[in-house]
Amino acid sequence: MLEIEDLKVYFRTNAGKVKAVDGVSFEVKRGERFTLIGESGSGKSVLAQAILRLLPKNAEVSGKVLFDGRNLIELGEEDMRKIRGREIAWIPQSQSSLNPVLTVGFQCAEPVIEHFRMDRRSVFAKVVRLFEFLGIGGNRVENYPHQFSGGMRQRVLVAMGISADPKLIIADEPTKGLDASKRSQIVELFEKVGDKTMLIITHDLNFAENLADKIAVMYCGKIVEVSPTKEFFSEPLHPYSRGLLDSLPSRGLKPIKGFQPSMINPPKGCRFRDRCEFASERCKSEPPLINLNGRFVRCWLYDRR
Amino acid sequence: MIEGKKIRKVFKSGIFGGKTVVAVDNVDITVYDGETVALVGESGSGKSTLGRILLMLIKPDEGRVIFDGVDLTKLKGRELRRFRTKMQLIPQNPEEALDPRWRIYDSIAEPIRIHKLAGSRNEEEELILELIRAVGLKEEHLNRYPHELSGGELQRAVIARALTLNPKFIVCDEPTSMLDISTQASIVRLLVEFQKRLGISYLFITHDLELAEVIADRILVMRNGKIVDERSLH
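So the sequence lines, in the order shown, correspond to chains B and L.
The first sequence: position 72 = 72 (our numbering), numbered continuously.
Count along the second sequence from 1, then add 1000; that gives the number in our numbering.
Same shape as in the complex, but just chain L (with noise of 0.2 Å):
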């Protein structure tokens, strides 16, 4: 369970600072396990930002992120790495996800290497076989580079990459809103048997209303940094 509490963020900008706006106002949010929260808004609304402070991505100026009971704001550097395994990003974009000069193997490979997940090379690449054939891609994909791949293949790599870890929490920033129609159905239906196997909570950033009725467990509707509308469908 991911609980967000009193957040509050202002960028400023502008010599001095001069300018400033509340991205996100004073929010509480809850994610709870297994469960999939769609946060629908406009563009501007402050519904990216706010699922980044979630993730801890971004430091929020007031407010604590509590999950599990643990209040991540109060952590540091190295025991804030601990709960990286457990929490992860799907981007919007999935051409800018990845380092457009690793192979997609390497990029799949990273937050193994990081977090020393795997004892042996041979474990390591049994590891990634295993993850990129449950969402779909086939082995020769690894030795591509990412502008070799069509914009759902890439999306299917991200999400590999976001598995790795055996995450609780991952929030996608609207994970299909550069994709065409029928591979949206087909990411999206692959997210959805992810959570049903692994138990992961999600909390999905969308501006499609649509999409959001038909796989959120709640909606939270946001505008100008605040969340006005709150929506349960089960």
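Just chain B, with the same shape it has in the complex (with noise of 0.2 Å):
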């Protein structure tokens, strides 16, 4: 359903060239969760807006990003409109996505009234059902934003993002900002929406674990590992990966050495390499992706030839 090749979204600053993606490739199936993780700057926000194509202007933006076999990357901005939100929509970060002057039931009728031209009321009474539906409460579609809660907020902006009906949804660290309760509430929430199509961004591996059906981790622009979510939490392959999860609390609360370097300058070979307990003199080179048993992982570890 989406598949990206050797993407790139390379950024001009004043400082030089920032690499906030670099080469990434992915496949999401159709009805699959797929769950992207990496820590902040890792550039998975920066993949998602290019794939939805939201990025300024002094993005250099390379690669295909396959929708139905249409390259997103190519089109213009009349189609792109068309697929925004009818085809692919978007859930955003839920501190400030939501605009304070409009009331929440408009901004969620809002695609629906943009792509199909139903008329008001059926649209009100569909975003009714919606609010319903997702627990928030039919009577509450005439509220502003400032009158909900954090963690109801985020359910505002997921029936935003599934009023039109879409094929893949897209959400951008949907548990940031919220409590632990309140996040397994959005758990339950994107269980409700069911098997749609979905690409998670999160950091929030408790979440991932719950939610994902694959995970892919992101570290400074690359894809370093994909993985069943299963066998990544019993047995992750890059030592990134495991160095993330050896960090969690339940795990040992291990810091990995050593800080994120800078992507204006990152290291040559595998970037994970100055932090990580194996490295050895053949990391100095790019490491391939190598797959195993349908595995991918990013790290000469596994090179067998």
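A hint or two may mislead.
Taking lysine-lysine and the BS3-like style, the derived pairs with C-alpha atoms no more than 30 Å apart in a straight line are [to be verified]:
no., chain 1, residue 1, chain 2, residue 2
1, B, LYS19, L, LYS1138
2, B, LYS182, L, LYS1019
3, L, LYS1226, B, LYS176
4, L, LYS1196, B, LYS257
5, B, LYS284, L, LYS1138
6, L, LYS1168, B, LYS254
7, B, LYS257, L, LYS1168
8, L, LYS1012, B, LYS182
9, L, LYS1019, B, LYS254
10, L, LYS1138, B, LYS268
11, B, LYS257, L, LYS1138
12, L, LYS1138, L, LYS1074
13, B, LYS254, L, LYS1138
14, B, LYS182, L, LYS1226
15, L, LYS1074, B, LYS17
If you want the footprint, here are the derived chain B segments under chain L, 3+ residues with CB under 8 Å [said to hold, decoys possible]:
no., region
16, 211-218
17, 250-259
Sample of chain L residues with no beta-carbon within 12 Å of chain B, all distances over it, derived [unchecked claim]:
no., residue
18, GLU1003
19, VAL1010
20, SER1013
21, TYR1032
22, LEU1057
23, PHE1067
24, ASP1099
25, SER1120
26, GLY1152
27, ARG1189
28, LEU1209
29, GLU1213
30, ARG1218
31, ARG1231
None of these hints come from the bench; they were simulated from the model.
Since this is a predicted model, take the numbers as computed values, not measurements.
Idealized CB from N, CA, C, for every residue including glycine.
The two chains are supplied separately, each in an independent frame; assemble them into the complex guided by the hints.
Listed below in structure tokens is the structure:
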């Protein structure tokens, strides 16, 4: 359904080129919940914005984003507008993504009005049903964003994302800023949305474990591992994936040594090598993406040639 | 040792204070020397308000705060200020904790200047250099502004600032909830290391029960302004 091939996003800045996404390839199959995890600065949000072509003008994008066979990178702005919201929905982070002066009901109705030319009354009825379904309460469509709590606001954003019945949903850190009990409610909420194809971006490992079918780990603009969720949590392959899991409180709270390198001048070869306990001489050249029984890892440790 | 006895705080809002919210409702709490107490609860349960009352940053409506045998609620201005050096806050959002128009150096130096801990400029500089090395920052970070640091680096700077006055009690108000997981691990390790070295006691406010179980000696659960559960871990 969504195939990404050698996608690169570079930003021109005064300090030099920032390679935010550097040669990323992966595939999201129909009905799959594909989760992209990575820490701040790993390029995961930029990747999602590149798919929907929401990046600022100083971004240089190359590679392919194939959505149902069409390359989104090459589409014109007019065609892109028909895809955004209608075929691919974007669920943004809950902080400040709603317009404070419009009712939430209107904001959820907007994509439907925009794409379907339905009359207002039936759109309104549809939004009320959607609010009931997601547990927001149909009587709250006339409320404004400030009248909702953080968890409820996230539900509204989900309602907004699915109101036009898109084929693919991209959610950007849906649990950011919510506390633990609210997070499990968001998991239930996404379960409710059903077997839709989703690309979820998060740094919340517990959330990913509960929701995802497949997990891709991003580090410094590159995908270093793609694994099914169960295997990822029981037996992570890449040293960075292991480090990430070991830093969870329940798994020993062991920090990864060192700091993330600068994206303007990242180390040559494997970008994790300065922080990796298994680093060797050959890590100075770029490791290949190795296929291990359907799992993918970008690390020399798994090279059996 | 810090003790809160029968603490109550009501917030009033609306015209003429028509709406009231009981943020902290008749709470008894004790944090012993060198102990880490985790205060967990959902957002809005009153845990941050309770933490700030123990630091006397919010005046309680009722109840007393006793620090090493002295009732802080009875103290005024200058007398209270003496105790301020012994109690510090590490807030949730490091981006908002530091003045955006000050260099990191000046933010860390501010408490030293207010309480006149350094005799000269050189002495102040030595103190600060020692501190930032201890929290894992480099000298070059001192000349930067807050927006030029990452979240983890900023939180280290905030911790350095909190440690300048050699406090005995620190309220950590969700110090890692805005940080990445691997950064969270290193910040929590840092806090634990300082506790071992300096014998500080922590009130660690969090909504992450897993984290609380790893770091705390005792866990208090707060709901609707009351402490509803207490558990010892070691």
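Kindly indicate which numbered hints from before are broken by the structure, ordering the numbers from low to high.
-> 9, 12, 15, 16, 26, 27, 28, 29
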